[in-house]
Structures are given as C-alpha cells and as structure tokens.
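Each chain, letter by letter, is given below.
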Amino acid sequence: MPVSLAVHPQFNDFDPHLALNWIRQEADWVSIRFIEEDTHHRTVRNGRPEQNSVSIERGVMVEAMVDGYIAYAATSDLSKTGLLLAAQSAAHQARIAGSYRVFDSTLSQRPQALGCYTSTTLSWLDSVGLAEFTDRLIEASRRLRVTDSIVTARAEATLVASRMRYVSSNGSDVDQHAFLAGQHFAASAQDGIDTQHRSLNGPTARCVQGGLESFDWDWLYAECERVGSEALDLLKAENCPDETLDLILAPDQMLLQIHESIGHPLELDRILGDERNYAGWSFVKAEDFGHLQYGSPLMNVSFDPGRSTEFASYGFDDGGAPARREWLIKDGLLLRGLGGLESQSRLGLPGVANFRSASWNRAPIDRMANINLEAGKASLDEMIGSVRRGVYMEANRSWSIDDYRNKFQFGCEYARLIEDGRLTRVLKNPNYRGVTVPFWHSLAAVGNADTSGIFGTPYCGKGEPNQMIRVGHASPACLFRSVQVFGGGA
Amino acid sequence: MNRRNSGVEHFDRLCEACFGLLHGNEQLTVNLAAEDQQYHRFNHSKVRQSTAVAQRRCHFRFQSSGRRVTYSVDLTGDVTLDIATARSLIERGREEVRVLPEDPFVTPMENHGRSDEHHAGHLPEPEELLKQVSLQAGASDLAGLYAGGSQLRASRNSEGLRHVFSTESFFLDYSLFTRNTQGENKAVKALYSGRQWDDTHFADSLQQSRARLDMLQQESHSLSPGNYRVFFSPAAVQSLLSLFSWGAVSYGAWKKGDSALKRLVEGELQLSPLFSLAENFNLGLTPRFNSLGEVAPEKLAVIEQGIVRQLLINSRTAREYGITGNGAESGEGLRSPEIASGDLEEADVLSALGTGLYVSNLHYLNWSDLLNARITGMTRYACFWVENGEIVAPIRDLRFDESLYRVFGSELEAITRTSQIMMNTDTYIQRSLGGSKVPGLMVRDFRFTL
Chain A
1 MPVSLAVHPQ FNDFDPHLAL NWIRQEADWV SIRFIEEDTH HRTVRNGRPE
51 QNSVSIERGV MVEAMVDGYI AYAATSDLSK TGLLLAAQSA AHQARIAGSY
101 RVFDSTLSQR PQALGCYTST TLSWLDSVGL AEFTDRLIEA SRRLRVTDSI
151 VTARAEATLV ASRMRYVSSN GSDVDQHAFL AGQHFAASAQ DGIDTQHRSL
201 NGPTARCVQG GLESFDWDWL YAECERVGSE ALDLLKAENC PDETLDLILA
251 PDQMLLQIHE SIGHPLELDR ILGDERNYAG WSFVKAEDFG HLQYGSPLMN
301 VSFDPGRSTE FASYGFDDGG APARREWLIK DGLLLRGLGG LESQSRLGLP
351 GVANFRSASW NRAPIDRMAN INLEAGKASL DEMIGSVRRG VYMEANRSWS
401 IDDYRNKFQF GCEYARLIED GRLTRVLKNP NYRGVTVPFW HSLAAVGNAD
451 TSGIFGTPYC GKGEPNQMIR VGHASPACLF RSVQVFGGGA
Chain B
1 MNRRNSGVEH FDRLCEACFG LLHGNEQLTV NLAAEDQQYH RFNHSKVRQS
51 TAVAQRRCHF RFQSSGRRVT YSVDLTGDVT LDIATARSLI ERGREEVRVL
101 PEDPFVTPME NHGRSDEHHA GHLPEPEELL KQVSLQAGAS DLAGLYAGGS
151 QLRASRNSEG LRHVFSTESF FLDYSLFTRN TQGENKAVKA LYSGRQWDDT
201 HFADSLQQSR ARLDMLQQES HSLSPGNYRV FFSPAAVQSL LSLFSWGAVS
251 YGAWKKGDSA LKRLVEGELQ LSPLFSLAEN FNLGLTPRFN SLGEVAPEKL
301 AVIEQGIVRQ LLINSRTARE YGITGNGAES GEGLRSPEIA SGDLEEADVL
351 SALGTGLYVS NLHYLNWSDL LNARITGMTR YACFWVENGE IVAPIRDLRF
401 DESLYRVFGS ELEAITRTSQ IMMNTDTYIQ RSLGGSKVPG LMVRDFRFTL
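Protein chains in written order, with the working numbering: chain A, 1 to 490; chain B, 1 to 450.
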C-alpha cells in the first residue's frame, strides 16, 4: 500500500456536547466552537523538494455571556479541566469587560442554529500517493523552466481539511467540513540585473473549495510552459507606459480590485470604527446604503457563500447565522454591507452571515467570504475591440490602498498594449492607480461568463488580534476608461 | 510551580520521549511557541472584544537520509496525550521520508548549545487595566488593542541543543480620533509597551497623544501630488524598514532574483553613508536562536555606511550556495533591527525641515517596482505641513511611490540622534516577539503621486 497524502495523527476524540455540559453552568449562555484543521504544504523548487509540512490546528473557543455581554477564551486543552478553566476565564472577563462594553450582547446575535455543510469533493488525500503527487510537482517545475534563463521554477500545493463544530447552550449544533485546494506555479526569469516573475494567475489566487480534482495535471503542465515562456517575454518587454488610457483587467486582477475597493469598505465593523486602529475606517457611511451610486450601472456585486467551488463557501457563520446570497451592489447602487448579526444590531442595518474567525484562538469579526462581480454581456474581443489605446493586465503582484479605501495603487505581473482594438506588445511592470468610487464609475464594459474566473486568497488580514482568513472572488474581465497607468523605472 | 516552569517541564518531557523514539540515522528538532495572553480590543474607549488565549504550538522537524518533513500541532498540555500524538507524527515522518526524493539542501541537525533566558514582567490584572483605560481615556475617542501576558519559545534537538526564551510583556497599540473644523476625521497613533505597566506612564502617553490631537483640529492644508521635503518620524521609518524583511536583505532572495536591493548588493548602487542597519539582539525583544536552534550573533552589521556588509543567511541557503550561515530564520527577515542614529537633535527637527511634510505614520506599503526598490504606500494619522520650521496645518493623506535608493540613499539628509524602541505588535496566529530600534529621517525630496 503506497504512502498516501493523508496524515492521521493520534488525538483523543472530542465530544462537544459533553464539553458543553461541563461548562453550561459557568455563565448565562455559553457556546463552544471546536476547530480541527489540517493544512498540507507541498513545495518543489527547481525540481527538488523544498517544503513538506503538515500543520494541524486543534482547539476550542468558548464564548460566555454574563449580564448581557459576551467574552471569549480559547484553549487547546480539551480536557474537562481545560474547558472549565476556559469557560471560567471567559465568564470572568465578561463580568469585568461588561462594565465597559461598546454594545449589549443578546441571544438574537447568537440564534439557535442547526445544520451541517460539507464541500463537494471528488477526490481527497487518501486517494493519491505522496510519491506520485511529489513527482507531479517536480514535473510541473520542470515544465516551468523552459530555458536556463528561468532561475526559479516553483510548484506548490496547499491542501486543507477544515472542520468546525459549533454548539451552544441555546441548542445550536452546526457541523461544517470544508476541503480546500490551493496551487501556485511560478517562474522567475533573469537576464543581467533584471528579473521578471510570472505565475499562473498570481501568487495566491488559485484556490478553490474542493479536492484534488482541481489538479488537472495535463492542463497544468501546458499552463506551466506558457507561464515560463511569458516570464521570458517579460524580460524582453518594454515598461508599461506612463499615461492615462483605457484599462482591461483580467479576472485574476479583478479579484484584488473587488477585494480591496468593494469588500473591505463595505465591512460594517469598519464603518462602526472597530478597525480604526489597524486596517482602517471606511469612506462608506451607514447612511450610504440604498443611496450611494458606487459605480456604473453595469456593476452588480453579490455576497455568495453558496457557490460550491468558490474558496469561502459555507453554510453558517461562526455566530450560527445561516449563510445566504445577497446583493451588495445592484446596477451600481450600494444596497447592503458586510456585517454579521452583532454589527447589524449595532448599526440597525441589514447585513450578511459573515461573522467569522481565522481559527479556534480568535474571536469572530466581520469578514468578506465570497464577494463576486456578476458577469455582463461583453466578450473579451469586443472589449479589446472598443479600445483605441489601452492596456490589458493580468495577475496581481502588488497592492496598496489607504485606510478609508479610497486611493489605491495596484500592480500586475503581465500586460499587453492595446492599439486600435488589438492586443499588441507585451509590457512589463504594469501598475495603475485611482480612487475607488470614480474608478468604479469608469467601468465601461463587463465581460460575459466566458471571460470569468473564480479565484480567492487565503491571506486576507484584518482584526485585533490579527486574523488571516480565506476569501473568494469571482469576476469576469472588465473594461475601465481613462485610468492612470505606469511602469517601472527609478 | 509557575506556568513558565510547568510549560518548560512539559516540553522537556515531550522532547525526551520523542528523542527516545528515534532510530539510528534519524534526527528531530522540536520547537515550542506558547503564550497565555489577554487581548482587549477597544473602540470609542470601550471594550469591543475581550479574549483570553492559552496556546502551545509545537513544531516537529523530522529528518533522515537527506529528507525533512515538518509537523505542527496544538499541544493539549497532557503529556501522555501529547506524546501519543508526537509518536504518531514521527511514525508518519518515517513513512514520508521513505518515499520523498532527496533534498540536497537539508542540513544535518547539530548541537548549537544551550541557553535559558527569562524576562519577568509585572502586568495589570484585567480589572485594573480596563479601569485605567476607561479612566485615562475619559472623553477621548480611543480605538486599539491591549495584548499582555507571557510568551515562551523553546527549541531542542536530538543532538543535545536546548534553548529557552520567555518573556512577560504588554503593549497597548492605540489611536485617538477627533474631527477638525471641516468635519474631517483626524487621528494620532501611539504605542505604550513594556514589561512593567505603570499608570503614570500610560497617562503620560495619552497626554502626549492628546496634545498632538489638538494640533489636528484646524483646517487641513490641501497639498497636490508632487515632490516634497519630508521628515519621517521613527514610527514611519519602522514601516519603511519593514520592507527590508520582504526579501531585500535575504541572501536567498538575492540569489533567486527576489531582492529589491539586488543593485546595492551587486555594487551597482549605494545607499547614503549616513545609513547603517544591523540586527541587534541586545534589544532583548526576541531570542537569538532560530527555529533550528541556531544562534545568531548578538549584533550583525547588515548595511554599514550605505554598503552591504552581510545579508541574512539561513543554514539551508548556506548549504545551497556553499557559504556560511549567520543564524537567520527560514524567511531571512530581520528579527531585531536597528538603524544607527545620527546627529539631528529632536528639538531641531522642525527648523531643519524648514518647509515640507512631517510624516508621523505610513500605511499599507508594498513594492511597485522591485528592480528599482520602489515602494508605494500612504501617509496616515498625524501628518503636518510645515513652513519655515513651524507647523502650519494637518494634511489630507497622500499616496507615494518612491525608491529606497532615494529615501535611504541620495535624498537622505539627516538622522535623528534619538531612536525609539518599538515592540512588534503583530498578532497573526500568535503574538509576535521582536521589535526594532529606529530614529527619524530627514529626506530632501520625496515623491507623492495621488
């Protein structure tokens, strides 16, 4: 029997209902969120193994409500003593901090939730041998290295099995199993002082919910060869021009544009000021919902936790709210923000089920999940054909935006000049900058479903204490008019 | 027995059991990153969320026959259960190395000695802390995070290496907010940190922040994008310095084409002779040992007077490129950096600036052109327009796009005599150790773009 990718370490079973009974007397209301998450990183560089690691997170977050205030205590000691200590700690903090509370906690913010969720997956770790999978990564790195000018060829796989079990003293019982797969295939080409990097859709974009079926190796090998060739093309390319012109963004850059300039500013906890000391505030105000014309009428944006292969799909958030698709922006008009039940009650606004935590040791806050720009009608050829002079950009490599989410500057790996309705020369170091609302008003065409891609990132950072969380973004290619673009240079 | 000692004893028992399971040519390094922390998050000077975290994260590096595998788990604290988990992982490691190809850059584990370092602290009880924040903040609009408690790092390997580092410390990373006469939001940022909480020092920190907040009340000065003379406070310099840990001073990154300072390393360009950068573990904020238990020098000159002296080299990089390592961590980033101070007196900063921008903080930095070490980012918090050595007004935030070769090179005019030690406030996965010691910088010409 060959050694498979699956790792089965020995742990004692954890019974959340038994644990709940141990602690239910410690506060007016208690919950337990048990997390068990295995993350496998398999990396090959230049044909040699570079990382083979498996990280297993296993612990609980106890919530305790006392006198109308909830506090938290996290522990990896899953014994009765450990749970009791955590529950007593949470209850003690709730008593103390409750005197200085920002808002009142109520059980309407922790509704009874019953249900389960499981990712759709066709093939998981038990079905594939470690040696075979490693050989595949080695072959991918070999395909990336199309010539000796490729100094680094990297093939990475990240495979995650995540289980969340949530039980509470008001009868909640939620069981969620997510299987996730991430890929990164990248080539660095060097010629003298210049080095150019090209990857398949950017460093972290290729992540989906599902199993090993997302590794279509024959297709990936061909794509790796394309990536390697394009890295070489970039070495010979001229810099992106420094001028204001039309810009078409591929879905693997749209993901970042959506994430930074739609997702974050719509988070209700930012609007409430919770993030002011870290990630920042928002230019969006509570009174803007239903009134602010965020962008052009072509802009339709949804919160969609139910898209089966998208990275941040789930059935319930960490407070037990059932996850449903909602319109955030319709025909360019801002309708709804991204906030869970706590933020909704604080602001008196509707929101979504996005009260989420990064792991067992962090309290949930408002997070993005899947934020998607809905497909339009234009084909990519039609969009390119409508541009006299412009730039087409792919794959994010640099991102920065201000703390109110207005002034941004983003960079991509690869670009092509558009001249008289045709893609022409390859351009290196493509960047662009703008201001959020005017930029979205410059949206002139939204690509059809054929131009769309589903991407995401495992690295959305936010919160105090800090939390890194998974998000998904699906988008078609889009055309923006009159954008300030520029390239590299001293 | 206190929690530190019980944590170390648990770790030692686990390690002894694991080392006893190894066969002839097998090696094992075990690292522990444990913390007992109180996190209190504030908004509008009140408590948004309070979380107590007790975690013991253990990392096992198992290697044999030139293959290495790594496993990480959260320990339960029950030594029998944790040994059973570790045993199952070692058995899995044995299976993996049997089928994985050889990794030529795996270095043999060695005995890099023993050390035991503890920095005791005196931290406030939650009742007292929340009372003080509420009392001292008063009517001010404060947002921020208090993190306080013990942190333990330990590393042992099967060759006899044993290092332990523990510390008890806190930080209150906070901002105060106000609105100016035009109704614009304005804020100041501060960090109160240390090992001994002192109500008076906290009150002083708040008082200084309030004084700066008062200066933000007036109407903003509109400033167009363009080039300006700029003074960067130590907090802003720390943000610029953080980019050096994104591959800029990593030997491995340089060889792979990922270093933004490639042209400096290869002698094509230089930085200012005023600029010197070192790793200085004498700051006592982080252990000298890395995750393989290798011990870095107490002080390592990275850049001296604008010229690269030593890049950071971990043992894997050293083996790959046939050079000597210097105890760097796997990512070859700075852990305890210090920028050498200069001769500009703090009291002379505004007069030396003359007319230009006083930048207190920067936000969300990223590379915009790696080859030219160009970075983009935003000004944030209390930034002022200064004319003839006098503060005129706060500014509206600006985006910049500028090269490190100009900031720390051709345009660097002066460095302050005094520096600030700033504790690392990152809390992703666990509370980070480390920090930096940085002065302020006077820069002749700096490029703002939006």
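Any given hint could be a false lead.
[Claimed, not checked] Facing chain A, a subset of chain B residues (Cβ under 7 Å, in silico): (1) Tyr39; (2) Val47; (3) Val79; (4) Thr80; (5) Ile83; (6) Arg195; (7) Gly377; (8) Ala393; (9) Arg396; (10) Asp397.
Since the hints were made in silico from the structure, they are not lab data.
Just so you know, even glycine gets a beta-carbon here, dropped at the ideal spot from N, CA and C.
(message) So, against the hints stated earlier in the document, which numbers end up violated here?
(response) 3, 4, 5, 6, 8 and 9
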